[in-house]
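Engineer: Take a look at the letters that make up each chain.
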Amino acid sequence: MSSWFQTAVFYEVLVRGFYDANGDGSGDLAGLTSKLDYLQWLGVDCLWLLPIYQSPLRDGGYDISDFWTILPEYGDLADAVNLIEEAHKRGIRIIADLVVNHTSDQHPWFQESRLDTTNARADWYVWSDDEERYKDARIIFVDTEKSNWTFDAQRGQFYWHRFFSHQPDLNYDNPEVADTMIDVCRYWLDIGLDGFRLDAVPYLFERDGTNCENLPETHEYLRRLRKEVDALYPGRVLLAEANQWPEDVVEYFGDGDECHMCFHFPVMPRMFMAVRREQRYPITEILARTPQIPPGCQWGIFLRNHDELTLEMVTDEERDYMWAEYAKDPRMKRNIGIGRRLAPLVDGDRRVAELLHALLFSFPGSPILYYGDEIGMGDNIYLGDRDGVRTPMQWSPDRNAGFSRADFAQLYLPPLMDPVYGYQAVNVEAQMRNPSSILHWMKRMLEVRKQHPVFGTGSFEVITVDNPSVLAYVRSAVEPEDGAAAPVEGADPDATASRPDIVLCVCNLSKLAQPAELPLQRWEGKIPIELLGRVPFPRIGELPYFVTLAPYGFYWFELVDPPGRGSPAAEGGG
Amino acid sequence: MLSDWPADLQAALPGYLAAQRWFSGAEPPPAEAVRTASSRRLWSDGHARELWQVLVGVGEAVYQLVLGVRPAGEPAEFLQGRDKAVLGSVEGVYVYDAVWDPELAKTLLEVISGGSQKADRSRPMGAEQSNSSLVFDDRLILKLFRRLRPGRNPDVEVTTALASAGFGHVAAPLVEWRDDEYDFAFGQQYLAGGTEGWALALTSLRDLYTGAAGAPAEAGGDFAAEAARLGRVTAEMHVALRDVFGQAQKGDAQRSWQAMVHGLPARLERAGPALEDAAGPLLERLSAVPDPGPAIRVHGDFHLGQVMRTDLGWYVLDFEGEPARPLEERLAPASPYKDVTGMLRSLHYASRHALVERAVDDWVEMLPAAEAWEAHNRQAFLDGYSSCPRIGELLPDPASSPAVMVGYELDKALYELEYERAHRPEWVSIPMDALERLVAGTS
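These protein sequence lines are chains A and B, in that order. Its first residue numbered 0, the first sequence is counted upward by one per residue in numbering that gives the first Met the number 0. Its first residue numbered 0, the second sequence is counted upward by one per residue in numbering that gives the first Met the number 0.
The following block holds chain B by itself, in its conformation from the complex:
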């Protein structure tokens, strides 16, 4: 048994971190910037097998490592081909990322749930930007936060609050692991049989690309019924969010809207001078909105990849907000239209997604079908949204509604454009099209 966390492993940390997907940065950080903030043994078999939690500070950032320890020479089949998961060897043992160890993963679940959760099987899910996820018995999914931030994790906070308020479209919380400073992990009901909304929308869109589709309502994989149900669930989510977190003061709501509108000209200019020139009438219209309506806690990063279709309907995931925005901005109250337009933007993305990889000729031929699909499902989503009985209380008055919606859609499209320029230049045309449409007032 290790008497304490071996200091000898310190030297291996920079290289190990740089190899992990959840680490922000591709280069190993300088050794002097990396410190072990805390370490504790979570479990031991009394001999050489152990489970540790180690928090590592890198500059301002804090990362969580959950590590397994085995005697040197004891084989571990699950590590084959996963050299990057091994931190190093010391004192006759070797140390590795415990999420890959089917046995230790089960132990982890048992330990952090205080024995209330046990499982027969575990499997790691694909690596993500900021978390590692483990699925237990196809019943429970445990999200292990890698990059830790002080205070409540918004996803844990919102999901738990919505679930306890009786909102049935989030996966039920089952395990919370945290201390006074950080949320370490969050376990929820695993949505067995679920499919991401994005995959489902693309299924519907396939008909377009086989050239067999006529009007989108007549295509085999019509998505409108799904879009309408999703709209309804979105509205119910907003009503529940307001019931749980309340509503911002009227003045605050007004100020947050104005701040967003004031920022638009500069962002439009960065997007393209022609856009800015053409946007004059639109910007005037947005500035003239007398009252943008109530502001509430919103999902903040609402798109088809954040919703899951299951046998029991749609579920909403990941209340962490847009990862590229600072935390306070993500928590700031906003009009529910922020989420609504997020989903509308996502429908646009879905309809153009497969066009991006096509030759220009195909593109021109397929565009009308893609536009028809988008319009059809956009309408269905909005109809579903407004079918929720209490949603009117959360929206601006009907005279201001269209302008507020356009404002948020513009905000989102600009965010997308900046993101695509930085990461996926071949996708730039999608938000660019949207911006042109919005500025021309044809959306």
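The shape of chain A in the complex, shown without the other chains:
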């Protein structure tokens, strides 16, 4: 029996940028609630909210200054409860970011801790007289930070921070801190959240002589949190953000007793690289070195998100290549990545955007969409920090992109207005009216994906093709012993009928048309049915199966037994 998150499509949403219900120029929880019908129409299963807590907003809300309070611009607790209830009514779940590693330096805990070395919270953060400890820990935000230690004049000591200097790390060696953070989780789960994306989990503990990442103590703490969730909140999900190689990330699943989901970071830049190089190896290599994960767990995969296109998980030489290819203007570069949205990254080529989504939706893992990418929104690289990809959602060609009734000058960020990606050209309203829009295409893909839970839970096997520009793979359901495919909670009962589900995906990574000969003899006698149009293709025979693919084209085929004589499909299919 699989869990909901194994077959879900996630949608990452920035509350500030989605819809402004009260007209103050900034999106809010009530605004998001009013757009739930749209999200249900699109077919997403779970929303992931970027941080919604009290914060001075020096790091997009990841600098939390009060774990118990909703950011006032977003609304209040009642708005959060209402959002969760309305979403649940529509079969949509909600998880939210929770930063467990650090707080804002404005957090009352830190304000108290920095007073002196003897106060009640003196040990809630990591303090030191000098910068000598934890020398082996790398600096993550190389653009802005020189050291992981910053001197605090008030207390006369250095405090430890893995990210910005205004985000001191909590001291998890202090049992009070460890207990309090569990209480924080329970508080929000009691309110009804379906889980958390746990930000920056590898860094909870520090130990000298290590790189202070992925320490055993950190895993022990996650097991404790998981036990709490399993006991009191079954069905909720913990999604770890650990930007590491898959063989290290897999540790965060534990033996199925730590996080339910982890992001698979390295597969993302490699999808882009594969399309640029027109060959499959960047992808198949990383999937080949991705270990099996415990049953009941799932990868979270994505093309783009609110952060940069992370290039930490590629080699130096590949990073140079990606920078040269995708960040032609130096402003597009950030820390160790590329700060762009999907559509401009692929030069506005819809065929590439569709191909990349087809890969995303059919790779092992649960896909996570970034708000606005379903309509092909662009970015504004002239906005500072990560704001370039956090501009207002483009709802209509009306004033302020239909996002807010506030004065233009009041908006938290200007909507895009350029002739290619601006809201006059790219918006939900126009695309909903146009059946050939990318929005409708996306909705159709999500429908098809939902009919085939095998995309979420099936095995993944690459099919050998001589042509290196073609990537072919089979997703197939592991049949339980009674011969029936595993039923999936909440899925269409027709889709989980007892026949085994086998889906063959064939993708052309090249800008030129390509042929492919697929060794499909194992499925001899079956009929491939193209899933977007339900068109039956010729029967698989004893010879290699030949297909031709349009530039950046792809096929999703369901492999089915030929229909019995006289059935409607046989007559219609010829």
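These are calculated hints, taken from the structure and not from any lab test. You may find that some hints are simply not true.
Here are some chain A residues the structure puts well away from chain B; computed CB gaps all over 12 Å [what the hints assert, rightly or not]:
1) Leu41
2) Arg89
3) Glu131
4) Thr143
5) Asp178
6) Ile181
7) Leu286
8) Ser395
9) Ser436
10) Trp440
11) Gln513
12) Pro518
The calculated DSSO-like cross-link candidates involving lysine-lysine, where the alpha carbons are at most 27 Å apart (straight line), are [as the list claims (entries may be wrong)]:
13) B:Lys105 to A:Lys525
14) A:Lys442 to A:Lys34
15) A:Lys88 to A:Lys145
16) A:Lys442 to A:Lys88
17) A:Lys525 to A:Lys34
18) A:Lys525 to B:Lys117
FRET-style restraints, in silico, Cβ to Cβ [to be verified]:
19) A:Tyr381 to B:His352: 43 to 51 Å
20) A:Pro293 to B:Arg146: 25 to 33 Å
21) A:Asp465 to B:Asp360: 30 to 38 Å
22) A:Asp465 to B:Glu321: 20 to 28 Å
23) A:Asp348 to B:Asp360: 29 to 37 Å
Because the structure is a prediction, the values reported are computed rather than measured. Note that the Cβ used here is the ideal one computed from N, Cα and C, for glycine as well.
Dock chain B against chain A, hints included.
Structural biologist: Frame of chain A, contents of chain B only:
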């Protein structure tokens, strides 16, 4: 069940052989030159289905046939449209090439591996010059040698030795079938998901031909990273070959180099008088090389078609050496530069391959891009090669290195020219260009 191998089939052999791709010669050999050297039953179902190995001598040559036997009248779908695979009918049975029989192919694998290898599915791969290959379950590839030569098959010998020495870039050996005289078949791990280096290089080159490419490093399908990794693997292969097979005596290495250099003027003359005239300074330079460096067992026919890119990196295939050279020459120790230049030549071939079929105008326009691609990837390959920590031990001293490399590149280009003149005249311009470049000292 056949009591013995039916002598009646003898008459069908000349015609059957002539129809096989692995037979050297298009005409049926004279009947008196064809003899059945040995025959043995490998398997039988106790009734009429059987599997036989038959060795057939044709003059000096020995060929291996692996044949299936079925009762006459029992249909075999896999033989439809493959009349040439059927040897003939006799005693109420018919006899055919067993590689096409999905069931017998599996039986063959089981029999020759002594039961240690079993498979659910088999499929024949495209026919080759001297072998037939079968793929089992996309897991194991079995190469059935057709033209047998006494002694160890160099591919089996080298692959097995490298694998047991821990060199990870050859497909792991899984089955060896041989007797005291011949190697019959060799089964290796099937490199699922692999692509030949040649196909991968052409993928990178496509940008040139769509006219969209600028500098090769900026082209979408930049191959340099692959070329560098391939260079590294090549160097590691050489270190492993030396560790396994040792190094030739210094005098032998010197003599083999000198023999090659001495042969050059005559070959250059055959290539073209103008070339020979211009080659004087180069030949002097080659003769003056004081020490060509160590000589080791090398791959011998190293090019993009002999390497396979997989999810786990590059793999090296086919250690049989250049098929057109005699066996002893193929086994002779040589400088590792022989393989290095083989790959450099292959990069040149790849960059010119699609130009060959173009009109002259396109050719002129595309040539600079092709040259830039070649130079870019040549450098990347060499950088990767020299990044291997122990490779210095196997190379000549830095003063002689460039000349030794040029010598081997010249040797290879001359071999190519002779081959192209005999087989593919429209490709002659590729090695010819290289020769002109080498002689002019602009390579």
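Engineer: Now, for every hint given, state plainly whether the structure supports it.
Structural biologist: Going down the list of hints, with the structure as the test:
1. Distance check for Leu41 of chain A against chain B: the nearest CB is about 32 Å away, which clears 12 Å, and the non-interface claim stands.
2. With a least CB separation of 41 Å from chain B, Arg89 of chain A remains clear of the 12 Å interface cut-off, as annotated.
3. Every CB of chain B is more than 12 Å from the CB of Glu131 of chain A (nearest about 35 Å), matching its label as outside the interface.
4. Chain B leaves Thr143 of chain A outside its interface by the beta-carbon criterion, the shortest separation being 30 Å against a cut-off of 12 Å.
5. Interface exclusion of Asp178 of chain A from chain B stands, the closest Cβ pair being 45 Å apart, more than 12 Å.
6. Even its closest Cβ contact with chain B, about 41 Å, leaves Ile181 of chain A beyond 12 Å, as expected for a residue assigned away from the interface.
7. At roughly 8 Å, the least C-beta separation between Leu286 of chain A and chain B is not larger than 12 Å, which violates its mark as non-interface.
8. Non-interface call for Ser395 of chain A relative to chain B: holds, since the shortest CB-CB distance, roughly 36 Å, exceeds 12 Å.
9. At roughly 27 Å, the least C-beta separation between Ser436 of chain A and chain B is larger than 12 Å, which holds for a residue marked as non-interface.
10. The Cβ of Trp440 of chain A lies farther than 12 Å from every Cβ of chain B, with a closest approach of about 24 Å, so its non-interface assignment holds.
11. Chain B draws Gln513 of chain A into its interface by the beta-carbon criterion, the shortest separation being 10 Å against a cut-off of 12 Å.
12. Its beta-carbon lying about 7 Å from the closest one in chain B, Pro518 of chain A breaks the requirement of being farther than 12 Å from that chain.
13. Taken as a hint, the Lys105 of chain B and Lys525 of chain A pair is honoured in the structure, with Cα atoms around 23 Å apart against an allowance of 27 Å.
14. Our distance criterion of 27 Å between C-alpha atoms is met by Lys442 of chain A and Lys34 of chain A, whose separation comes to about 16 Å.
15. A hinted pair counts as satisfied when its Cα atoms are at most 27 Å apart, and Lys88 of chain A with Lys145 of chain A does not qualify at roughly 48 Å.
16. Between Lys442 of chain A and Lys88 of chain A the CA atoms are separated by roughly 20 Å; this keeps the pair inside 27 Å, and the hint holds.
17. About 43 Å separates the Cα atoms of Lys525 of chain A and Lys34 of chain A, which puts this hinted pair outside 27 Å; it is violated.
18. Using a Cα cut-off of 27 Å, the hinted pair Lys525 of chain A and Lys117 of chain B holds, with the two alpha carbons roughly 25 Å apart.
19. For the pair Tyr381 of chain A and His352 of chain B, the supplied restraint of 43 to 51 Å holds, since their beta-carbon distance comes to about 45 Å.
20. The hinted range of 25 to 33 Å is not satisfied by Pro293 of chain A and Arg146 of chain B, whose Cβ atoms lie roughly 52 Å apart.
21. Range check, Asp465 of chain A to Asp360 of chain B: Cβ separation about 32 Å, and the 30 to 38 Å hint holds.
22. Our hint of 20 to 28 Å for Asp465 of chain A and Glu321 of chain B holds, since their Cβ atoms are close to 24 Å apart.
23. A C-beta distance of roughly 30 Å is found between Asp348 of chain A and Asp360 of chain B, which places it inside the suggested range of 29 to 37 Å.
Hint check: violations occur at hints 7, 11, 12, 15, 17 and 20; the rest are consistent with the structure.
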